[in-house]
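*Asks:* Sequence:
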Amino acid sequence: MRCLMISNPISRITAFIILLAGIVIISLVLMFLPAPSASNTIDSQVKSLVIINGISISVDLAQTQAQREQGLSGREQLNAGEGMLFLFNEPDYLRFWMKDMNFPIDIIFINDKKIVDIVHNLPVPTKMDMPAAYTSKEKADRVLEIPAGTAESLNWQIGDVVATP
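The letter at position 45 of the sequence shown is residue 328 when you use the working numbering, and the numbering goes up by one with no holes.
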């Protein structure tokens with residue numbers, strides 16, 4: 284193995300300038316790359332469909348702990364026919380709250396491909412109040428959040444069959 288020695292002073296200066304130019308170019312490229320934001324994280328979530336009584340809801344899947352913790356918090360709205368589906372590995376009594384929510388929702392608790400509980404028209408918490416928490420009455424392994432009033436307007440009931448991913 285040979286070690287390259289630069290003995291000529293002009294060659295040393297040239298090598299230093301090339302190295303410095305490379306560092307500057309890399310720094311400029313990194314500086315202008317877009318930084319990930321919360322909206323990019325939400326937009327990059329996996330999309331799927333939930334079908335209840337023949338009605339399809341386009342959902343973002345909350346599969347990871349970070350996605351489940353973020354949920355719909357901070358989002359401006361959900362349009363009709365949209366929602367978020369939270370996926371859990373094992374059925375359990377699940378607890379949800381309305382932290383940083385900007386719009387009211389319905390929460391549908393699902394287990395064994397059936398609705399096991401529905402919480403209707405959860406209001407947006409005021410700035411003065413601690414957000415209320417809602418726990419499922421039955422064990423669930425899926426939770427669907429949809430715009431408030433959707434479950435009632437579509438006449439969804441406990442026991443309805445649900446097709447989910």
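Check the hints yourself; a few may be wrong.
Subject to a maximum C-alpha distance of 30 Å in a straight line, what follows is the list of computed DSS-like cross-link-like pairs (lysine-lysine) [stated by the list, open to error]:
| no. | residue 1 | residue 2 |
| --- | --- | --- |
| 1 | K397 | K420 |
| 2 | K330 | K382 |
| 3 | K382 | K422 |
| 4 | K410 | K420 |
| 5 | K422 | K330 |
| 6 | K422 | K396 |
| 7 | K420 | K396 |
| 8 | K330 | K396 |
| 9 | K330 | K397 |
| 10 | K330 | K420 |
| 11 | K410 | K396 |
Derived CB-CB ranges, DEER-like [said to hold, decoys possible]:
| no. | residue 1 | residue 2 | range |
| --- | --- | --- | --- |
| 12 | K330 | D383 | 20 to 26 Å |
| 13 | T347 | K397 | 23 to 29 Å |
| 14 | Q360 | I338 | 26 to 32 Å |
| 15 | I441 | R378 | 17 to 23 Å |
Just so you know, these hints were derived from the structure itself, not from any lab.
Don't be surprised by glycine CBs; every beta carbon is placed ideally from N, CA and C.
*Asks:* Taking the numbered hints from earlier one at a time, note which ones the structure violates and give those numbers from smallest to largest.
*Replies:* Of the numbered hints, 11 and 14 do not hold.
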